[in-house]
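K.L.:
Take the sequences, apply the hints, and build the full model.
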Amino acid sequence: MSLAAEAFVSQMAAAEPWPENATLYQPLKEDQILLSDSASSFAVQAYLRMCGLPVQVVCRANAEYMSPSGKIPFIHVGNQVVSELGPIVQFSKAKGHSLSDGLDDVQRAEMKAYMELVNNMLLTAELFVQWCDETTVSQITRCRYGKPYSWPLNLILAYQKQWEVRRKMNAIGWGGKTVEQVYEDVSQCCQALSQRLGTQPFFFGKHPTELDALVFGHLFTILTTQLTNTELMDRVKSYSNLLSFCRRIEQTYFDSKDS
Amino acid sequence: MAAAMELRCWGADWGLPSVHTDSLVVLAYSRFSGAKLTVSHIDWTWKTLTANSPELLCGDSVVQEPAQILSFMRKQRFNADYELTARQGADTMAYIALLEEKLRPALLHTFWVDAENYTSLTRPWFASRSPFPLNFIVPSRLASIALSRILLTKGEAPLHRISEIEGKIYSDAKECLNLLSYRLGTANHFFGNSPTSLDAFVFGFVAPLHKASLPSSHLQSHLKQLENLTHFCDNILEVYFSSDHPCPPPPPPPAVQESMDANLQKLTQLVNKESNLIEKMDDNLRSSPQHKPHRLDPKPSLSSANSSSPA
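In order, the protein sequences belong to chains A and B.
All letters in the first sequence, in the order written, are residues 1 to 259 by UniProt numbering.
All letters in the second sequence, in the order written, are residues 1 to 311 by UniProt numbering.
Bear in mind the hints are in silico, worked out from the structure with no lab data behind them.
Built from N, CA and C at the ideal position, the CB exists for glycine as well.
One or more of the hints may lead you astray.
Computed cross-link-like contacts, DSBU-like style, restricted to lysine-lysine with a CA-CA straight-line distance of at most 30 Å [to be verified]:
1) Lys75(B) with Lys177(A)
2) Lys161(A) with Lys71(A)
3) Lys29(A) with Lys154(B)
4) Lys147(A) with Lys177(A)
Not close to chain A: a few residues of chain B, all C-beta gaps over 10 Å, as computed [as the list claims (entries may be wrong)]:
5) Gly34
6) Gln76
7) Ala86
8) Gly89
9) Met93
10) Tyr95
11) Phe136
12) Ser148
13) Thr153
14) Ile162
15) Tyr182
16) Thr186
17) His189
18) Lys211
19) Val239
P.N.:
Structural data, given as structure tokens:
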């Protein structure tokens with residue numbers, strides 16, 4: 001969104017409290033949703049649950065096209081539609097709910113830096129694995145992405161999206177990487193996160209922040225999604241404090257409340 | 001130690017050893033870690049078209065990309081990160097990701113996409129350093145690579161137009177510079193008393209913006225207000241690049257001056273926030289669509305300052 005539109009939205013957001021009927025849209029859970037979209041969606045759901053904001057998850061086949069920025073997930077609150085974790089965090093802040101108010105400037109800088117690390121490495125790696133690795137693309141991604149549509153639309157959409165993602169990978173220099181190198185990058189990223197987390201319950205002390213939600217979303221999805229091989233899952237599993245971190249958040253925020 | 005290492009990179013100008021961000025990162029790191037590199041500039045050769053700058057040649061192996069070159073140098077036991085704890089190493093990775101995501105698109109835009117800067121500074125420089133007939137091809141090729149990178153990473157499909165995302169990338173970049181400034185504080189380096197790879201990366205990204213004489217850049221004027229970052233760049237240039245051999249780092253500043261610097265820095269940051277607000281209002285006014293009534297614009301930017309400023 002342009003700056004003016006963002007400013008306008010946050011002013012309107014500040015006017016009303018969070019309604020009961022907020023909905024979060026994502027692609028179909030069983031058949032269609034892919035690794036990266038699922039990760040982003042879980043991150044947003046975790047964040048909203050951590051803030052204590054009620055939201056209903058609705059699955060729609062054309063969620064990607066309904067979203068204002070083309071990315072999943074997006075929330076429909078009152079008469080506004082906001083997509084992606086960053087803008088959603090700002091939106092909820094405008095309504096008075098925030099998890100990172102207690103942080104000082106240096107900690108906030110660190111938090112933003114780590115969020116960019118996750119976006120830069122984990123999200124890009126997920127996109128790479130699901131769109132640039134031939135085995136995964138042909139066995140899993142292509143049929144899932146076009147599932148709700150009939151032939152030949154399903155193939156056309158899948159190829160178009162693959163072409164788009166490949167272009168992006170080439171632009172940022174990931175085009176020449178092999179899958180092994182990408183797994184190695186994921187390991188390094190997880191190592192950095194693991195070292196930062198240490199033995200604390202959350203990344204910044206005792207209270208969760210949006211960084212915790214983002215990390216949870218990505219790691220939980222990697223740990224629970226079936227791909228062609230378990231390499232990615234095994235790499236993440238080798239960091240025990242990250243595993244227990246995910247389990248803790250899942251038990252605290254996802255099991256005790258019904259979705 | 002290992003065989004002689006040769007670095008191929010773009011040439012020097014504007015008081016910097018190289019004008020290219022990635023090359024600067026590698027040069028700075030080599031000075032910090034004490035590695036001896038023979039630097040061969042690719043200016044005026046046909047390599048300007050074909051080479052992936054920067055490139056490190058060591059014996060038989062060729063390494064590209066700053067991150068890989070740095071890890072290669074570490075394996076050759078030129079390690080500037082030796083004294084970092086594991087957590088500081090993790091912080092380094094995170095801050096480098098922040099620089100790549102938030103600052104690089106705006107730097108690419110300032111140097112390669114902004115029409116005034118491109119025609120008066122960047123294109124003449126790169127064209128003058130390329131042999132005929134490459135001087136017609138190389139700058140525009142680099143510019144189109146830059147533009148496509150910005151659009152692909154930051155553009156929101158299907159609106160692939162640069163004007164839509166200009167405002168966003170510049171505000172992200174300013175926020176990134178502010179965050180770096182908070183993190184650096186009054187210290188000379190990001191971790192402890194000796195420079196590390198994070199210092200090399202920040203130097204590589206920030207120094208061209210600081211030193212180039214850009215005709216129109218509000219990002220550069222924003223950077224000039226962050227005095228600790230400009231001192232950081234000048235300090236590194238003075239200590240590590242003023243003569244041909246590396247010098248020991250300067251002693252830390254006395255405590256009294258530190259508290260004065262801290263107050264000055266707080267004032268500077270308040271000024272930055274003010275200028276951020278004013279710039280946002282400016283941008284809003286310029287980019288607001290025609291049918292919105294003008295009186296709504298000042299109010300949204302005041303509340304947007306409350307909800308979206310970094311601190």
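K.L.:
Hint by hint, note whether the structure agrees.
P.N.:
Hints, verified against the model:
1. Lys75(B) with Lys177(A): It holds: about 21 Å lies between the C-alpha atoms, which stays within 30 Å.
2. Lys161(A) with Lys71(A): Status holds; Cα separation ~12 Å.
3. Lys29(A) with Lys154(B): 27 Å, holds
4. Lys147(A) with Lys177(A): 29 Å, holds
5. Gly34: 25 Å, holds
6. Gln76: With a cut-off of 10 Å, glutamine 76(B) remains clear of chain A, as the shortest Cβ separation is near 19 Å.
7. Ala86: 4 Å, violated
8. Gly89: 7 Å, violated
9. Met93: 5 Å, violated
10. Tyr95: It is violated; tyrosine 95(B) is separated from chain A by about 5 Å at its closest Cβ, not greater than 10 Å.
11. Phe136: 24 Å, holds
12. Ser148: Since the minimum Cβ distance to chain A is about 6 Å, serine 148(B) lies within 10 Å and the statement is violated.
13. Thr153: 6 Å, violated
14. Ile162: Given that every Cβ of chain A is farther than 10 Å from that of isoleucine 162(B), nearest at about 13 Å, it holds.
15. Tyr182: Non-interface label fails for tyrosine 182(B): nearest chain A Cβ at 4 Å, not farther than 10 Å.
16. Thr186: 12 Å, holds
17. His189: 15 Å, holds
18. Lys211: 24 Å, holds
19. Val239: 25 Å, holds
The earlier numbered hints that this structure contradicts are 7, 8, 9, 10, 12, 13, 15.
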